[in-house]
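As you go down the protein sequences, you meet chains C and X in turn. Per my numbering, the first sequence starts with residue 1, numbered consecutively. Per my numbering, the second sequence starts with residue 1, numbered consecutively.
Hints in this document: simulated from the structure, not taken from any laboratory. Treat the hints with care, as some may be off.
Just so you know, same-sequence chains aren't split out, so a pair can sit in one copy or run between any two.
No farther apart than 20 Å at their CA atoms in a straight line, the calculated lysine to aspartate or glutamate pairs in the EDC-like style are these [to be verified]:
| no. | residue 1 | residue 2 |
| --- | --- | --- |
| 1 | Lys386 | Glu317 |
| 2 | Lys386 | Asp158 |
| 3 | Lys179 | Asp200 |
| 4 | Lys190 | Glu104 |
| 5 | Lys322 | Glu97 |
| 6 | Lys122 | Asp259 |
| 7 | Lys73 | Glu188 |
| 8 | Lys51 | Asp61 |
| 9 | Lys58 | Glu47 |
| 10 | Lys212 | Asp158 |
| 11 | Lys125 | Glu215 |
| 12 | Lys73 | Glu193 |
| 13 | Lys328 | Glu88 |
| 14 | Lys190 | Glu215 |
| 15 | Lys131 | Glu394 |
| 16 | Lys115 | Glu88 |
| 17 | Lys115 | Asp31 |
| 18 | Lys101 | Asp345 |
| 19 | Lys314 | Asp173 |
| 20 | Lys190 | Glu100 |
2 protein chains.
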Amino acid sequence: MNAEILTVGTELLLGNILNTNAQYIAKRLADMGIGVYYQSVIGDNPERLFKAFELGFKRADIVIATGGLGPTKDDLTKEIAAKVTGKELILDDKALEMIEKHFESLSRIMTENNKKQAYLPKGAKIFYNYKGTAPGCAIETGEKIIILLPGPPREMIDMFERSVIPYLSQFQDGVLSSKILKVCGVGESKVEELLGDLLDSQTNPTIALYAKLGEVSIRITAKAKTEEEANLLIHPIEDKIREILGDNIYGEGNQSLEDVVADLLIKHGKTISVAESCTGGLLAARLINYPGISSVFKEGLVAYSNEAKMKRLKVNELTLNKYGAVSKETAVEMARGIAVTAGTDIGISTTGIAGPGGGSSEKPVGLVYAGLFIEGELYSIKLNFKGDRQEIRERTVMSVLDWFRRYLIKTNS
Amino acid sequence: MNAEILTVGTELLLGNILNTNAQYIAKRLADMGIGVYYQSVIGDNPERLFKAFELGFKRADIVIATGGLGPTKDDLTKEIAAKVTGKELILDDKALEMIEKHFESLSRIMTENNKKQAYLPKGAKIFYNYKGTAPGCAIETGEKIIILLPGPPREMIDMFERSVIPYLSQFQDGVLSSKILKVCGVGESKVEELLGDLLDSQTNPTIALYAKLGEVSIRITAKAKTEEEANLLIHPIEDKIREILGDNIYGEGNQSLEDVVADLLIKHGKTISVAESCTGGLLAARLINYPGISSVFKEGLVAYSNEAKMKRLKVNELTLNKYGAVSKETAVEMARGIAVTAGTDIGISTTGIAGPGGGSSEKPVGLVYAGLFIEGELYSIKLNFKGDRQEIRERTVMSVLDWFRRYLIKTNS
C-alpha cells in the first residue's frame, strides 16, 4: 500500500509558507510503513486539482490531500475530490453542529459560507475537526482512497493523529506501536553518533530521530501481530538507548520539558519564582504551560531594565556597574532576589543579549547567564547561542529548564 | 512563461527534512513574475525521475530540479535529465578544475567519484558552484528548458542568485510587485465577506488572503513592465481595501502587532508595565520581541496566585473574594496595581481560565478578562476563546494587544 501526498494552496506555490504539512504526513506514513513515491503541490485551481487527483490515482493507492477545505470560494479541494470520485456532497448534521458550536464558543457569528464546510461526499468516512471548522474525510472508491484534511497544521495534525492513523491501520496487517523518548542537551547529530550502529542495524523496531529547537525526539516503532508483541520488541531497544543516553533523556511520549520540571517540583514540594531579563516572560510562560503549576509557581518578574532589577530584585547597583547586567554576578543576585521577595524555596533567573543590537566582542549577541538560588546556595551557568532574537530566547528557556532539571534529579535521587 | 519545481531526494519523501528549497525557488520565481503551477517531490529513482521530467515538460516551460547531483550512484538527476533531452554527458574542464580546487582548499583528497560531477550535458549553459562541488546547468531543447541545481540549500541559493536569476531574466517581459496588509480582530471569512467583489473581480493586481492564529494577511500582487508601474496598479486597490477594513488593518509588510504597539508607545513617549495571570508571561515576552522596547517597557509581573495578586499588585482581598480572580474587577485592579508599583503611565493585565481544568458553567475555560490602566482611567474587556491551554493564551495576547492598539490610535489621532 502506498500513498501520494497532495498539498493544495496557492500560498505554497508562491513560496509564502513552508510545506510543513507534507513533511509531517510523509514522516507519519513512513512510521506506519506506508510508502510515498510522490508529493505534489498545486494551487486552488479546479482543472489542475482534478488532474492531480487523477494522476494520484494512477500512481498510488491513497491520495492524501491537505488544504482547500476552507469556507471561501477559493477552497475547492473537497468539491473536486467529490467530482473525481463521482460522489454527491451532502450536509452532515454533526459537522454543521460542531461548526456552529465552534463559532458560539468564540462568541462570533457564523457566516453563511461556513456552512459549506459541513457538506461532505456521500458515504465518506468523516473525520471531525476538534481544532477548527473544516472536517476532513476518507472517500473510498472500491479500489482507491482519497483522504482530505484541513490545511492549518494544528488542525491537520490533530485530525491525523486522532482519526487518520486509526483509519489507515485497518488496512495494515498487524499493528504498529511506537515509543517516543525525549532528549535535551545534546544535538541531533550527536545523538546519531552516540546511537551509532543501533540506528542503521534496526529494521523492526525502526528508530527515527526528529529534531526541533533545543530538543530531539527518538521514535522507536515496532510492527507485530499485537500491540503486546510490538512492545516486547521495543523494550530491549529502549533499554539500550536509555543506557547510552542516560540523563539526556528527559521524558517520553507527549511529556514536555516543563512537564518534567513541574512534576519534580511538585513531587519534592518546592516552590519556585522566576526573574527574567532577556527571556522576557517566556520562562514563566513555559512553566505555566503545566496546568497544575499553581501549587508551586508563585511569581514571575520580567525585570528588563536595570531599575527593575534593583528595585524589584534588590540587585546591588555596584554589581550592575562592575559586572554589567549580563553577568554571572547579576544572574545570581536576580535569582536570590526573586526567591527572597516572593518567599519561595527556589529562584531562577536569566539575563543575556538576545540581539540584534547590544552585542560587543566581549559580550556578543547570544551570550546568556542563568542563575539558580536553592536552599541558600547560588549556582550559575553561562550559555552561548546563535540565531535571531526569538531563537536565542527560546533556546535559553530550553537550556535553563534542562539545567534545572538535571540539578533536581541529581539532588533528589 | 511558467515553471515547475522538482525537488529530488528520498529524504524529502520520507519526511526527514523540510523542503525549504521548493519554498525558496517558488518565492524567487514569484518575485520575477514566473508562474509556478506545480511543485513535485520524488525520490532518487531513475524511472520515476524520467517520468517526472516528461510530465514537467507537458505542464510547464521550464522544469527546475534540485538535488541528486552528488557524487554517489544514487545521484541520478543529471543523467536522467540528459536522457530526457537526448544530450550526451561530456567532461567540462573548468568544472573539474573547480572541484579539484574545492577539495584542495579543504585539505581533503578528491575521490574518483567526484569526477562524475564535472560531466555535464553537451551544449548546456553551465552554472558553476562556488559553495560546493556539484555544478548546475540549463539544458535547452528549443522549446523547453531543464535547470539542474544542487540540493544543499546554501549551494542552491548561491547558484540561484548568482546565475539562475540572470539566466531567467533574458526570457522576461515585466516584473511582479507585492504589498502585504496585516489584519487583526476579524477572521479570514469575515475579511473575505467584507472585501466581497473586490477579491473576485481582480486579475491584475490579484488579492490573496492568508490566515494564521489571530490574524490575516492580505497580499496584493501586480504585474507590469516596471516596478513603478506595478506599484501604480497596487495603490488604488490598497486604498479601497483600507477604506473597507479601516482600523482592522494594523500594519503592513513584515510588521507584527507588537511592532505596531511598541512604535505607538515610543512615539507617544508612554511607559508600560504588564501584570499577567493566565497568559503567564507571554504578553511581556511578545512586547519584548521588539528590540527597542526597553525605553518604554519597564516591568512585567506574572502573578499567577491570588497571593501574588494581593501582595505585588495590591489587588483587594475583598475583590478577589466577591468577584473572583477571573473578573473584570480583578483585571482592572491588576492593571492599576502594576502601573502604580512599576511607576508607568500604562498598566495592562490579563486574568482568565486557560484550562484544561478550572472552568465552570458560569466561568468556562476560555473566559478571559483584560484590564487597562491609562492616565488615571480604567478599562476592561471580556474575551472568550476556544482551544487548548496554549491556544487560549496566545489568542488572548493577540486580542489584548489589538484592543490596546485600537485604544492608542483612537486617543492619539
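Structure-based check of all given hints:
For the identical chains of this complex, Lys386 and Glu317 are neighbours neither inside a copy (30 Å) nor across copies (46 Å), given an alpha-carbon limit of 20 Å. Taking the shortest Cα distances, Lys386 and Asp158 sit within 20 Å of each other only across copies (15 Å), while inside one copy they are farther apart (32 Å). When the C-alpha separation of Lys179 and Asp200 is checked against a cutoff of 20 Å, the pair qualifies only within one copy, where the shortest distance is 18 Å, while the shortest distance between copies is 49 Å. Proximity of Lys190 to Glu104 under the C-alpha cut-off of 20 Å is restricted to the inter-copy arrangement: shortest distance 15 Å between copies versus 49 Å within a copy.
With identical chains, the CA atoms of Lys322 and Glu97 are never at most 20 Å apart, being 64 Å at best within one copy and 36 Å at best between copies. Within a single copy, Lys122 and Asp259 get their C-alpha atoms no closer than 43 Å, and across copies no closer than 48 Å, so neither meets the 20 Å cut-off. In this assembly of identical chains, the alpha carbons of Lys73 and Glu188 lie at most 20 Å apart only when taken from different copies (12 Å versus 43 Å within one copy). Proximity of Lys51 to Asp61 under the C-alpha cut-off of 20 Å is found in both arrangements, the shortest distances being 16 Å within a copy and 18 Å between copies.
For the identical chains of this complex, Lys58 and Glu47 are neighbours both inside a copy (17 Å) and across copies (15 Å), given an alpha-carbon limit of 20 Å. In this homomeric assembly, Lys212 and Asp158 come within 20 Å of each other (Cα to Cα) both inside a single copy, at 18 Å, and across copies, at 17 Å. In this assembly of identical chains, Lys125 and Glu215 lie within 20 Å of each other by CA distance neither inside one copy nor across copies; the values are 36 Å within and 32 Å between. Taking CA atoms no more than 20 Å apart as the test, Lys73 paired with Glu193 passes between copies only; the shortest distance there is 11 Å, against 50 Å inside one copy.
Proximity of Lys328 to Glu88 under the C-alpha cut-off of 20 Å is found in neither arrangement, the shortest distances being 68 Å within a copy and 50 Å between copies. Proximity of Lys190 and Glu215 under a CA criterion of 20 Å is satisfied intra-copy only: 12 Å inside one chain copy versus 39 Å between copies. For the homomeric pair Lys131 and Glu394, the shortest alpha-carbon distance between copies (14 Å) is at most 20 Å, but the shortest distance inside one copy (25 Å) is not. In this assembly of identical chains, the alpha carbons of Lys115 and Glu88 lie at most 20 Å apart only when taken from the same copy (16 Å versus 58 Å across copies).
For the identical chains of this complex, Lys115 and Asp31 are neighbours neither inside a copy (35 Å) nor across copies (36 Å), given an alpha-carbon limit of 20 Å. When the C-alpha separation of Lys101 and Asp345 is checked against a cutoff of 20 Å, the pair qualifies neither within a copy, at 44 Å, nor between copies, at 40 Å. For the homomeric pair Lys314 and Asp173, neither the shortest alpha-carbon distance inside one copy (65 Å) nor that between copies (64 Å) is at most 20 Å. Taking identical chains as interchangeable, the C-alpha atoms of Lys190 and Glu100 lie at most 20 Å apart only when they sit on different chains, with a minimum of 15 Å there against 49 Å within one chain.
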